[in-house]
Structures are given as C-alpha cells and as structure tokens.
Amino acid sequence: MTTELEDQEQEVSEIYARYQFLLAQQYNHAIEWQELADYILPRKNSILVNRVPGYKRTQRLFDSTAPADSDKLAASIHSTLTPSFTKWFHLEVEDEELNKNYEVRLWLELATKKINAALNKSNFNSEAHEAFIDLVVFGTACLYEDERSDRGWFGGLHFTCVPISKYVVSEDAEGRVDTIYRSFPMSLHAIKTKWPDSIPDELLEDTKKDQLYEIIHAVRPTQSRSFQNYMWDSQYVLSKFRRVLSKRGYYNFPYMVPRWTKYPDESYGRGPSHTALPDIRTLNKLTEMELRNLAKLVDPPIGVVSGDIIGPARMVPGGLTTTRSKEGIFKIDVGGNYQVANLQADKLKESIHQMYYADQLQMANGPQMTATEVNARFELMQRIMGPVLGRLESELTKPLLNRTFSIMYRAGLFNPIPQALQTGRPVNLKIQYEGSLARAQRSSDVTALTQFEQLATPFFNIDPGVKDVVDFDEAIRHLAAILDVPSKVIRDTKQVKIMRDAEQKQMEQQQQMQQMEQTANAGKAVSPMLRSANERVKPGSLLEKLQNKAA
1 MTTELEDQEQ EVSEIYARYQ FLLAQQYNHA IEWQELADYI LPRKNSILVN
51 RVPGYKRTQR LFDSTAPADS DKLAASIHST LTPSFTKWFH LEVEDEELNK
101 NYEVRLWLEL ATKKINAALN KSNFNSEAHE AFIDLVVFGT ACLYEDERSD
151 RGWFGGLHFT CVPISKYVVS EDAEGRVDTI YRSFPMSLHA IKTKWPDSIP
201 DELLEDTKKD QLYEIIHAVR PTQSRSFQNY MWDSQYVLSK FRRVLSKRGY
251 YNFPYMVPRW TKYPDESYGR GPSHTALPDI RTLNKLTEME LRNLAKLVDP
301 PIGVVSGDII GPARMVPGGL TTTRSKEGIF KIDVGGNYQV ANLQADKLKE
351 SIHQMYYADQ LQMANGPQMT ATEVNARFEL MQRIMGPVLG RLESELTKPL
401 LNRTFSIMYR AGLFNPIPQA LQTGRPVNLK IQYEGSLARA QRSSDVTALT
451 QFEQLATPFF NIDPGVKDVV DFDEAIRHLA AILDVPSKVI RDTKQVKIMR
501 DAEQKQMEQQ QQMQQMEQTA NAGKAVSPML RSANERVKPG SLLEKLQNKA
551 A
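So that you can map any letter, position 160 of the sequence shown is 160 in the working numbering, and since no number is skipped, the others follow by simple counting.
Some clues are possibly wrong.
[Claimed, not checked] Taking lysine-lysine pairs in the PhoX-like style, the calculated list, with each CA pair at most 20 Å apart, reads: (1) Lys296 with Lys285; (2) Lys194 with Lys209; (3) Lys87 with Lys121; (4) Lys398 with Lys114; (5) Lys497 with Lys100; (6) Lys87 with Lys398; (7) Lys209 with Lys240; (8) Lys240 with Lys208; (9) Lys87 with Lys430; (10) Lys72 with Lys349; (11) Lys114 with Lys430; (12) Lys398 with Lys113; (13) Lys240 with Lys166; (14) Lys208 with Lys192; (15) Lys285 with Lys347; (16) Lys430 with Lys398; (17) Lys194 with Lys247; (18) Lys192 with Lys247.
[Said to hold, decoys possible] DEER-style ranges, computed between Cβ atoms: (19) Val496 with Leu421: 21 to 27 Å; (20) Thr193 with Asn50: 22 to 28 Å; (21) Arg491 with Thr193: 51 to 57 Å; (22) Arg176 with Asn293: 50 to 56 Å; (23) Val427 with Asp172: 21 to 27 Å; (24) Leu297 with Arg43: 28 to 34 Å; (25) Thr423 with Lys194: 38 to 44 Å; (26) Pro42 with Lys326: 46 to 52 Å; (27) Thr423 with Gln512: 42 to 48 Å; (28) Pro387 with Tyr55: 34 to 40 Å; (29) Asn123 with Ser187: 17 to 23 Å.
Simulated from the structure, these hints should not be mistaken for lab results. Predicted model only: the values in this text are computed from it and were never measured. Glycine included, each C-beta is placed from N, C-alpha and C at the ideal position.
Taking the hints into account, I'd like the entire structure generated from these sequences.
This is how it looks when you write it as structure tokens:
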C-alpha cells in the first residue's frame with residue numbers, strides 16, 4: 001500500500017522524465033529558432049542562450065527588412081482574423097432549422113456579445129498579437145487561457161502568450177496537440193500567495209521574497225482517478241523541491257498551439273521565416289560588408305612611406321602630422337562596386353517582401369479604394385493565405401471560443417437556454433467568422449444576388465409570373481445573414497405568417513365591403529326604373545332584394 005507522498009514522488013518523476021524526453025526532441029528546432037530570433041525577433045532571442053535583462057540583443061542584426069515585414073504580417077493577420085475594433089465572430093448551431101428560430105437566434109446573438117465583451121475586457125488582444133508574431137517568426141505559437149477568480153466568482157479571462165523556449169508539446173493520433181509541459185519562473189512571494197498550503201517546509205522561513213524558482217505546468221489527458229470527470233488534468237510542480245503545488249482538471253484544453261504549417265512527422269510548425277531565412281542571412285551579411293566598406297570610404301585607411309613620417313600620424317580633426325615630403329602620406333583606395341551590391345540587396349529585399357506577403361498587404365490597405373477593390377484584394381489574400389487561415393481556425397480561434405463559451409456558461413453568465421434548444425439531444429455550436437477576410441469571402445453571395453436581380457428584372461417585366469420561381473423571403477433572410485443584420489430587425493417566420501394572414505383577412509373583408517357597396521349602388525339604379533314601370537316584383541326574387549336595399 002503506497003502512501004500519498006510516494007504517489008506524489010512517482011507522479012513528479014513521470015512528469016520530469018517525459019518533460020526531459022520532449023525537451024530533447026525539441027532541441028533541433030530550438031537551434032533554428034535561436035537563429036530566427038537573432039535575425040528577425042531579437043527581443044526574444046533567449047532560446048538557447050541565457051541573456052540577463054537589459055542585455056543588448058541586436059549585435060547580429062544589420063538590416064531591418066525582415067523584422068518590419070514579419071511584424072506587419074502578424075498585425076495584418078490579427079486585424080483580419082481577430083480584430084479588436086469590431087466583432088469578428090458570431091455563434092450559430094449546426095441545425096439550420098434551429099438557426100431560423102427567433103428565440104434561438106436572439107439567445108446566440110446575446111451570447112456572442114457577452115463573449116466578445118469578455119475578450120475585449122481581458123488582455124486577449126495584446127497577448128494574441130504576441131502569439132501571431134511567434135507564429136510568423138517561429139511557425140508555432142502558444143496561447144494559454146484561464147479565468148480569474150474573485151472570491152469564488154468569475155473575475156474575467158486572462159491570457160498568456162508562452163515564449164517558444166518555455167514549453168514542449170506532444171500530439172495525439174490525429175495530429176492535435178493534447179499534452180504540454182510549460183516552464184516559467186515565479187518569485188517566492190508569488191508562490192506563497194498563490195499556493196499558501198503547498199509550500200515546502202524549507203521555504204516557509206525563507207525571507208528572500210524576490211528569489212525566483214522554476215515552476216512546471218503539466219497538462220495531459222486525464223490519468224488521475226480524481227479527475228475522471230475532466231478531459232485533462234493539470235499539475236503545477238515546484239522544480240527544485242519536486243513538490244506538486246496544485247492539481248486540477250480541465251473540461252477544455254487550456255492551451256492553443258497554432259502552427260503555420262507542419263510536416264507529418266513533426267510536432268512543431270514552420271512558417272514563412274523558415275523559407276526566408278537564407279535570404280535574410282545573406283542580406284544581413286551583405287549589409288554588414290557594405291557598411292564596413294562604407295566606413296572605409298568615409299574614413300579611408302592611410303598609407304605612409306617608411307621613414308617619411310616624423311612622429312606618429314595624427315588622424316584626429318585638426319591634427320598636425322610632420323612629413324619629409326608631400327608624398328610621405330596618402331589615402332589607400334579600397335575599391336568595391338557599390339552598384340552591384342545595391343542591386344543584389346534590392347533583389348534580396350524584394351524576395352523577403354514576397355515571402356511575407358508585403359506587396360499584397362500594402363495593396364489591401366491602400367488609400368482611397370472602392371469597396372469592390374477592397375473585396376477583390378481581400379479575395380487575393382484569401383487565395384494566398386487560405387490554407388494557413390484554415391489551420392488557424394481549427395487550432396486557434398475555434399478552441400479559443402469553445403473554451404471561452406464553456407468557462408462563461410459554467411459561470412452562469414448567459415441567459416436561460418431557449419426551450420427550442422432543450423431537446424435532450426446534444427446541440428453543437430458552430431462559429432461563423434466576421435473578420436475582413438471572412439466578410440470578403442461571403443460578399444461573393446451578395447454580388448451574386450445583386451447581379452441576379454439586375455439580370456432577372458427584364459424577365460419580371462415581360463412575364464410577372466416568373467417571380468414565382470424566386471423565394472424572395474429566403475433571399476432576404478440569406479442576405480441579412482451575410483451582412484450580419486441583428487436578429488431584432490428580422491421578424492420570425494411565424495410572425496411574418498401571422499401578419500400576412502391578418503393582411504389577407506383584412507383584404508378579403510375590404511373586397512366584401514366593396515362588393516356589397518357595388519350591389520347597393522346597382523339596386524339604387526334599378527329601383528326607380530321598376531317604380532316608373534309599375535312592375536310588380538316577384539316576392540323573394542333578386543329584384544325585390546335590390547329594391548329593398550335601395551330603399
């Protein structure tokens with residue numbers, strides 16, 4: 001019978017053994033990440049090299065083309081996929097009939113607004129931008145989402161972009177990341193505040209509050225018996241003392257690990273920076289050599305004839321050097337063809353621009369463009385980056401919104417579920433994206449409807465019966481869905497049917513009144529003629545009825 005302490009030691013040993021194994025597998029990637037960071041993202045180039053805070057990190061960087069282009073691409077993806085200035089998604093259900101239900105649409109719309117508000121109140125936008133930068137530069141990013149707890153109540157969402165050098169991952173049989181080991185430093189004061197009941201005895205009397213200790217956060221598919229109701233279990237381990245500080249379970253995987261693209265036998269992705277690295281390295285070396293040669297031209301090396309210089313040559317401004325003859329000191333021609341170097345540098349910069357889609361991004365954000373031009377250029381970006389955006393949706397935005405919805409639903413932040421959704425059967429949510437690229441993609445339906453209306457109008461004028469071919473109600477609802485018109489503006493199909501039935505009934509009553517009025521007028525016209533002719537009207541006949549109404 002093992003004790004609780006022995007079980008904990010065995011669990012920690014298993015965590016460390018697998019962590020070290022995954023760390024060894026990651027090493028070859030880390031070598032390349034270090035070089036990518038040196039040339040493209042120097043503020044994050046502490047991957048294999050430990051640098052103290054404040055250390056200068058740009059020694060190997062001589063050209064800023066790649067850093068500028070990578071940052072522009074990351075910002076463009078952020079503004080088109082998850083923009084902070086507008087709503088970039090809305091919720092639906094997979095059952096299209098339920099989506100037509102007014103109460104269901106209204107509930108989903110309100111849930112969308114609350115999720116969007118919670119994301120905007122959190123630090124999502126700043127951390128998401130860091131994640132997109134990592135994605136562009138390293139081909140892999142990691143974003144951690146958790147909820148803030150305020151005395152047991154929901155205190156909002158909190159996101160952390162985990163540095164590329166601080167985590168290792170493992171995939172399941174379908175190529176999805178389902179295991180992560182994250183390492184991060186934490187001060188003794190923070191440890192005592194967060195886990196006051198789990199501090200080792202050796203640290204209880206320690207007064208060095210700012211002393212840093214390594215914490216390992218391990219998230220794996222559920223293995224513990226105590227977390228059988230959860231999909232993943234989590235342990236925070238104090239590395240130095242091999243002590244488990246806390247255990248908990250997750251219903252949803254709390255880490256989003258998007259990859260730009262990846263090979264089947266690798267767990268980490270590769271991005272445009274991997275492709276551009278040879279040109280980036282060459283351009284940096286060429287710029288370095290050009291700067292060195294330029295310095296020689298500005299301050300050229302000096303040659304002297306042996307024995308003609310009296311004392312040392314003074315090369316400072318206003319310096320006086322004594323020579324035996326005018327030819328005793330002279331400049332050395334360093335040579336060099338700057339035109340060829342500049343042409344080669346321009347070619348390398350253009351190549352880097354293309355690999356980071358700089359030309360397309362500049363076109364998509366050009367000034368004074370019409371709506372048609374904007375849609376056409378966003379469609380061009382969609383064709384270029386379509387596969388990447390598809391992977392980002394499956395590995396970043398969809399898991400992100402599913403986890404956010406799950407957290408807020410368990411916190412009771414949504415309105416009561418409509419009766420139509422309480423069917424006893426599982427109802428799967430579907431995410432519709434509203435970013436610039438998603439809108440541009442769906443705008444083709446708007447264009448098709450507009451062109452159809454223009455081409456069909458002449459046929460409607462020739463034969464009005466042709467209108468029966470088109471379901472105008474469904475066309476209007478489809479157009480409203482494309483343009484994301486609020487549900488409050490669009491009436492439910494039942495309400496429309498009630499209104500139309502009432503209008504039809506009112507029209508029938510008006511027609512009956514008109515017929516009765518026409519009949520009465522006809523009786524008034526006939527009655528004088530009958531009286532003048534002194535005709536006897538047959539009792540119960542139509543003429544008698546007309547005569548009576550006229551009287």
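Q) Measuring from beta carbon to beta carbon, are Pro42 and Lys326 in 46 to 52 Å? A) holds (49 Å)
Q. Are Pro387 and Tyr55 spaced within 34 to 40 Å by their CB atoms?
A. Holds, at about 38 Å.
Q. Holds or violated: Lys114 with Lys430, Cα cutoff 20 Å?
A. Given that 20 Å is the threshold and the Cα spacing comes to 16 Å, the pair holds.
Q) Going straight from one Cα to the other, do Lys497 and Lys100 come out at no more than 20 Å? A) Since the Cα atoms of Lys497 and Lys100 sit roughly 14 Å apart, the hinted pair holds (cutoff 20 Å).
(Q) Please check whether Val427 and Asp172 have a Cβ separation lying inside 21 to 27 Å. (A) Holds, since Val427 and Asp172 (Cβ atoms, about 25 Å apart) stay within the stated range.
Q: Starting from Lys398, check that the Cα of Lys113 is at most 20 Å away, please.
A: Given that 20 Å is the threshold and the Cα spacing comes to 17 Å, the pair holds.
Q | Assessment of proposed distance window 22 to 28 Å (beta carbons of Thr193, Asn50) | A | With a Cβ separation near 27 Å, Thr193 and Asn50 satisfy 22 to 28 Å, so the hint holds.
Q: Would you mind confirming whether the straight-line C-alpha gap from Lys285 to Lys347 stays at or under 20 Å?
A: Within the cut-off at roughly 14 Å; holds.
Q. Under the criterion that the straight-line Cα-Cα distance not exceed 20 Å, is the pair Lys87, Lys398 satisfied?
A. At roughly 15 Å apart (the allowed maximum being 20 Å), Lys398 and Lys87 satisfy the hint.
Q. Can the restraint linking Lys87 and Lys121 be considered satisfied, given a maximum Cα separation of 20 Å?
A. holds (14 Å)
Q.
Between the alpha carbons of Lys192 and Lys247, is the straight-line distance 20 Å or under?
A. holds (16 Å)
Q. Keeping to a limit of 20 Å between CA atoms, is the pair of Lys194 and Lys209 held or broken?
A. holds (13 Å)
Comparing the model with each numbered hint stated earlier shows that all of them hold.
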